[in-house]
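Q: Chain residues, written in single-letter form:
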Amino acid sequence: MKILVTVKRTIDANTKIRVMSDNSNVDLNNVKMALNPFCEIAVEEAVRMKEKGDASEVLVVSIGDKACQEQIRTALALGADRGIHVETEASIEPLNVAKILAKVVAEEQVSLVILGKQSIDADNNQTGQMLAALTNMPQGTFASEIQIHGDKVQVSREVDSGLQTVELAMPAVITTDLRLNEPRYASLPNIMKAKRKPLVMTTPAELGVDIKQHTQLLKVEAPAERQAGVKVASVAELIEKLKHEAKVI
Amino acid sequence: MATLIIAEHDNQSLKAVNLNLVNAASRIGGEVHLLVAGYGCQVVADSASKITGVGKVLLADSAVYEHQLAENMSQLIVDLAKDYSHLVAPATTMGKNIMPRVAALLDVAQISDVIRVDSDDTFARPIYAGNAIATVKSLDRIKVMTVRGSSFDGAAEQDLSVVIEVVDSVYDAGISNLIAEQVVQSERPELTAANVIVSGGRGMGNGENFSMLDEVADKLGAAVGASRAAVDAGFVPNDMQVGQTGKIVAPDLYIAVGISGAIQHLAGMKDSKVIVAINKDEEAPIFQVADYGLVTDLFVALPDLADKL
Ligand SMILES: Cc1cc2nc3c(=O)[nH]c(=O)nc-3n(C[C@H](O)[C@H](O)[C@H](O)COP(=O)(O)OP(=O)(O)OC[C@H]3O[C@@H](n4cnc5c(N)ncnc54)[C@H](O)[C@@H]3O)c2cc1C
Ligand SMILES: Nc1ncnc2c1ncn2[C@@H]1O[C@H](COP(=O)(O)O)[C@@H](O)[C@H]1O
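Residue numbers (our numbering), protein chains in the order written: chain A, 1 to 249; chain B, 250 to 558.
So that you can see chain B by itself, here it is in the shape it has in the complex (with noise of 0.2 angstroms):
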């Protein structure tokens, strides 16, 4: 029994999820390997290679990666699996995109958004939006499923490091390409790695004004996120969607800025250690979830906050 990871990164560094996935996978028990595939990104083998727990790593390096493109991936880690009993990645769009494929390539299920590892069959996942919690046993040879990073603790770096074995197999589908790609620029921590939220919502009234909620997140060393509704008035893009079909995440402190509290916005953040929510309507959902709730104007509560913190 082993497990590969299918990691995730940017072929320049390898992401946080990452470590919260090998965690994951420790406890399925047996080997955890770890699969960097993507093009020019040794030093994201030399990374994970540093991870503990990790026992060997799997470096696929060419052009037809670069992009991980499901189309060539699917087919590399399908090459892969026949050493594995467990093919694992994070429940990213990455991870989403590439994943089923692999499963269906196998014939085998692929469970979606895994939070617990009950054992090596058997894992708990959410349903309708985080209002049930399913727990679910796979009946399949191969286990493939994408796992909810936020739900597990990360585990450790060392300096020492595992082996790279080189994987030289190339596959190019040649049925897709990428064509564009424009990534949003960001100094602030990443979304789903970030200690501290500080989310905007329709109540924030356009983009400009969220430079409020930078303020404050400048403050606190926070990520900036958003509703759906705030993504599809075109006030910031989509990446910073925080919900049930956008980012799901769990930070120390989530602060939810002109934010209703839909269900589809609390299945992604009701996990966060403390939730704060600053709202004019003293009936609005998010109060019934938030740790400490403030019932004032957010236009005068965030230049207030921002100027105390």
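Chain A with its partners taken away, still in its complex shape (with noise of 0.2 angstroms):
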């Protein structure tokens, strides 16, 4: 069994951003980048399927600019067997990603692909299910536990209202929630290792996507800040405040 990973190049989960002063778009100028952390749990089950005898094959995708082959190479350290980068320079939209992915499942006749739920700077949370629905392949969103059964996967979801168990015909689609695992680091020599596993580019033209523009950008602004309050002494004075002078209880 041969499952797809999908890896997106984004900001460092610890850093905070800043809208650039035009309101253009936010300044990523000196950013620290990293592979965003849902897809990192993405690789990380990934490669426990093939330790443990489920897949035979993990092969990763990152779509992007020549930088995101950096996480295709911490993608392939981390334990996956083969990369593919598909390059376009424009930061392209949640259906146009889908798109290329749904063209590279068909080319590598995949059984499982595994995406984050999320990318952390566009909090889109769609690819996933758009690359469900052009693939017609039934969706397990935001997975805190998968088990293949043959040609079904069994997927826990985090839902709003608890954890529900789906059970999907496989070519199947998952997308990561947190609590799935918890990612490994890469050794140094698995590091050393995965500059030789095989990467190779492609482009949307060549797998014959057309890159179509849905949404404008109109303005980025920063969000009204909270100016921080006072400290108080004792709890007796915080519920005297939260009575007289806030009055919310």
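Keep in mind that the hints are not guaranteed to be accurate.
Derived DSS-like pairs: lysine-lysine, alpha-carbon spacing no greater than 27 angstroms straight-line [what the hints assert, rightly or not]:
| hint | chain 1 | residue 1 | chain 2 | residue 2 |
| --- | --- | --- | --- | --- |
| 1 | A | Lys247 | B | Lys468 |
| 2 | A | Lys212 | B | Lys331 |
| 3 | A | Lys243 | B | Lys331 |
| 4 | A | Lys247 | A | Lys231 |
If you're looking for bench data, these hints aren't it; they were derived computationally from the structure.
Given two chains presented individually in distinct reference frames, assemble the corresponding complex, making use of the accompanying hints.
A: This is the structure:
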């Protein structure tokens, strides 16, 4: 069974970004970049499936400019076998990403695609669901547990009311939630080994995908800042303030 | 121009977030219809028909929609889409699961987590964990979006009810099944609908200690939430996580206890009206957004708070 894992280059989760003064976008100059945390979880899960004998090959794909090869190499160092870089300059919308991924899925004939549930930059939470729609695959979004049973996969999903387990016919699409696993760190030997693993490049045009713009970014603004308030000295003072000053209890 | 809202419900009751969605939809302009798709959910449609501002309720009642599986729901919604300029769902796990699938089938974008409606094609949404607000214009003929309930007031309910139209289409994609469900039962208000929330973090130490938060919550009629660290550590279930990748809340009062205030947590609660932080570390970032900060050991403060309230 072949698994495709998608990896996106995003800002590091610990960075706080700033909005550019002309409000055209956020300022990503000199910002630390990393593998989107949810994609890291996706890679880990696929690698564990291979280690368990459920999967035979773990393929990773990233769509973006040259720099995202760094994230593909990270995924290879974590245990993925082979990388595909789909080169585009533009930061493209989820629907376009999903169309590209659909082509890769068709070419590679994978049984399972594991994506992150959300990119922590654009906070879209869309790509996996869109890919599932375009390929007519079932979807197990926000996964906290995955079990392969023959040609079916069972996915426990983190939903607002608790947990839900669905059974999907493979090929299927899964998106990861935080509790699925705790990703490993890449060891130095594995980082070295990853440099020699195969990485091929292609483009949306070569895959036959026409990138179309569906939304236009008009402006990006900083959110309203909250003012830090006051420190209270005791529980009694806190209750007094909440009752008579804030009037919320 | 008309908007179809995909209703959030559990086949028994209509969730409060639908009222916020109706209000958001009325800012777009045009008629507002509500789709109740589920199984044995006539009562839900009945309550939906009493929301002020809703022109019509569509009821798709079939076993194939019981668990609102995305594979079946998306086909139903795509089928209804021809009559609408906007398809809107709440930014809940239901909406996030289904709407991108709908959008892709229609070959249009989905706009996630709308917090402001500027016009029928221009919307604001938070990005980068709420550290920036993007204003985006849709270039598509049908606008598909999810809306953050806490950013809009709720529409009113009335005695008069509008027409409920039955939709017969039954779509069963046959590729997915629900096999188990663990619904967390609670007597408390729902997190996203509560006026007061008391949340605990890693500082709570373990799951048993959350009973100290329960006591405070009981006094305030509050919901209880948690940080990711508290959920990851197994103190409490996942449905309690507040944050960028959990639930987004904006109550009148949010009390953060033993929570440091990472950006991902702030993303989920910084629009609360009044924020209280109880933390023993006076440098904790949570104090930068708190209206009232109490620097103390939570194990001393919580019993005291429960006692004095
Ligand atoms: C991709 C991604 C998504 C994430 N999504 C979310 C999310 O949705 N929601 C979320 O919350 N986090 C999220 N996080 C995690 C976030 O970065 C923080 O790790 C998390 O919020 C920390 O939780 P905490 O504040 O409970 O724990 P800590 O940061 O460990 O803070 C514990 C606090 O408790 C205080 N404390 C300890 N003991 C006591 C005591 N006895 N009395 C008083 N105070 C005490 C300490 O001073 C400290 O400030 C996400 C992270 C990533 C990478
Ligand atoms: N440019 C990209 N390259 C590779 N994977 C992507 C890309 N964009 C999105 N994804 C995948 O889709 C997931 C969800 O992204 P999003 O829908 O943008 O929130 C991410 O966690 C990635 O796994």
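Q: Of the hints stated earlier, which fail here?
A: Going through the list in order, the structure violates hint 3 alone and respects the others.
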